[in-house]
Amino acid sequence: MTVRPLLSVRDLTKRFGNRVACRDVAFDLWPGEVLGIVGESGSGKTTLLNCLAGRMTPDTGSVIYDSNASGLVDVHGLSEARRRLLTRTEWGFVNQDAREGLRMGVSAGANIGERLMAIGERHYGEIRRTATDWLGRVEIELDRLDDRPTDFSGGMRQRLQIARNLVSNPWLVFMDEPTGGLDVSVQARILDLLRGLVENLHLSAVLVTHDLGVARLLTHRLMVMQGGRVVEDGLTDQVLDDPQHAYTQMLVSSILPV
Amino acid sequence: MPPVLRVSGLTKSFVIHAQGGLALPVLRDVSLAVSPGECVALVGPSGAGKSTLLRCLYGNYRADAGSIRVRHRNDHVELAGAEPRVTLDVRRRTLGFVSQFLRVIPRVPAVDVVAEPALRLGATETEARRRAEFLLGVLGIPPHLWSLPPATFSGGEQQRVNIARSLIADYPILLLDEPTAALDAGNRDGVVELINQRRDAGAAIVGIFHDAAVRDAVATRILDVVPPGAQPPGVQP
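Going down the list, the sequences are from chains A and B. The numbers in my numbering rise by one with no breaks, and the one at position 242 of the first sequence is 242. When you read off a place in the second sequence, starting at 1, and then add 258, the result is the number in my numbering.
Possibly wrong hints are sitting among the right ones.
Quick partial rundown of chain A residues pointing at chain B, CB under 8 Å, derived from the structure [stated by the list, open to error]:
no. : residue
1   : R23
2   : H123
3   : E126
4   : D192
5   : H210
6   : G213
7   : L235
Non-contacting residues of chain B with respect to chain A, defined by C-beta distances greater than 12 Å in every case (computed) [said to hold, decoys possible]:
no. : residue
8   : V273
9   : G279
10  : A321
11  : A323
12  : A340
13  : V344
14  : D370
15  : E374
16  : T384
17  : R388
18  : G414
19  : R446
20  : A459
Note that these hints are calculated values from the structure, not bench results. For glycine and all other residues, C-beta sits at the position ideal for the given N, C-alpha and C.
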């Protein structure tokens with residue numbers, strides 16, 4: 001059996017008025033790969049992520065996803081209902097701000113259980129058991145199952161958001177600065193957690209970050225974006241240790257040594 | 259035995275854009291072939307490009323020109339210009355690299371850092387852990403450290419964790435960049451012993467060993483690496 005790309009992106013361009021947010025982006029993401037998109041604020045990386053994940057419609061270009069349930073699908077040609085189903089079952093999306101990815105008014109257990117119900121689980125005891133299991137996997141005390149995320153710290157919320165996304169065993173997870181805005185020690189815990197989950201669940205992922213240390217730790221491949229264009233791509237350690245493009249060299253040399 | 263690593267015409271320079279596109283040639287037309295059971299020691303003055311050559315062989319630095327062919331999954335794979343997933347698969351199964359520096363992963367215990375490559379190749383948790391503990395023991399890491407993240411270890415301890423991680427998977431090709439730097443005599447001998455075991459078991463090894471005694475103990479062949487500009491041009495096997 002030949003392996004096919006999980007995601008094939010071709011000629012993707014997105015404009016806001018006269019401004020081009022991303023231009024002519026093309027790549028294949030293969031099963032099990034974690035692709036990092038790096039660049040400064042305004043380089044177009046979050047716009048690109050939103051176009052890949054079907055949250056934004058590109059002006060031109062295509063995003064083809066190899067769906068486990070229905071074979072090759074054109075993400076932007078799907079009906080709204082089917083795209084929503086996809087995003088709740090085979091995909092995950094981890095927002096930088098956990099409040100955007102969680103339902104703040106319902107319990108932690110309900111946040112995790114929601115996606116299980118979306119994939120057809122109806123047995124309350126089973127949902128609760130799986131939710132408890134996932135709370136443990138993201139290192140939240142099990143007696144917090146019935147608490148709302150409003151009572152959680154920023155780091156706990158982020159871990160809860162990760163559990164909510166991964167509970168349905170997605171194939172592909174999009175992450176937008178998953179450790180942005182958190183304290184360094186909290187970041188380390190989340191990075192370690194994500195790294196373990198990605199490895200053990202054989203996830204494929206597209207991760208947007210401006211933090212090259214995060215990229216080094218979590219990704220296999222990198223695309224470097226500047227002014228909406230991909231200026232360099234390759235293996236993560238290649239791009240960071242042997243940067244070719246002037247912009248990448250500038251980014252890499254701007255990291256403060258620790 | 260036919261070579262499992264065959265390098266020809268390898269050329270590499272670094273272009274530094276912040277210096278107005280200054281080009282620093284490091285390797286020119288390097289050729290090299292390594293067969294199973296061989297250990298090739300790279301020698302040459304500091305700055306001759308020994309580390310750059312090793313990093314090119316690992317796909318960490320990108321070759322400007324030339325070919326790096328490795329025997330991988332009963333086939334020959336070109337690493338120069340390879341797609342990331344190809345290089346990653348070669349690294350997972352075929353090509354191990356020991357560097358002087360451990361990239362510390364926060365919060366991961368030493369024993370898991372070491373076991374990871376074996377798990378990726380399909381070893382069971384128990385088996386991977388058993389081999390990791392064996393290697394850590396051989397390399398003189400005391401058992402009470404095994405469950406701690408290596409971030410707080412000394413330089414020499416981190417290096418030995420790194421060596422254990424690189425040797426757990428029995429890679430058919432090993433690249434060693436100063437594997438014994440920062441180690442005391444006892445631990446150095448342990449590392450030499452492990453390298454020789456791998457070599458005698460049929461691994462093809464390319465390494466940089468500053469310590470002449472270590473080099474004499476492990477190398478079957480010496481390769482002079484000459485800085486570009488110095489003559490004769492390039493490096494012959």
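Comparing the hints with the structure gives:
no.: 1; hint: R23; in the structure: violated, 22 Å
no.: 2; hint: H123; in the structure: violated, 30 Å
no.: 3; hint: E126; in the structure: violated, 26 Å
no.: 4; hint: D192; in the structure: holds, 4 Å
no.: 5; hint: H210; in the structure: violated, 19 Å
no.: 6; hint: G213; in the structure: violated, 10 Å
no.: 7; hint: L235; in the structure: holds, 5 Å
no.: 8; hint: V273; in the structure: violated, 7 Å
no.: 9; hint: G279; in the structure: violated, 8 Å
no.: 10; hint: A321; in the structure: violated, 10 Å
no.: 11; hint: A323; in the structure: holds, 14 Å
no.: 12; hint: A340; in the structure: violated, 9 Å
no.: 13; hint: V344; in the structure: violated, 10 Å
no.: 14; hint: D370; in the structure: violated, 9 Å
no.: 15; hint: E374; in the structure: violated, 8 Å
no.: 16; hint: T384; in the structure: holds, 16 Å
no.: 17; hint: R388; in the structure: holds, 19 Å
no.: 18; hint: G414; in the structure: holds, 21 Å
no.: 19; hint: R446; in the structure: holds, 27 Å
no.: 20; hint: A459; in the structure: holds, 28 Å
Hint compliance for this structure: hints 1, 2, 3, 5, 6, 8, 9, 10, 12, 13, 14, 15 are broken, all remaining hints hold.
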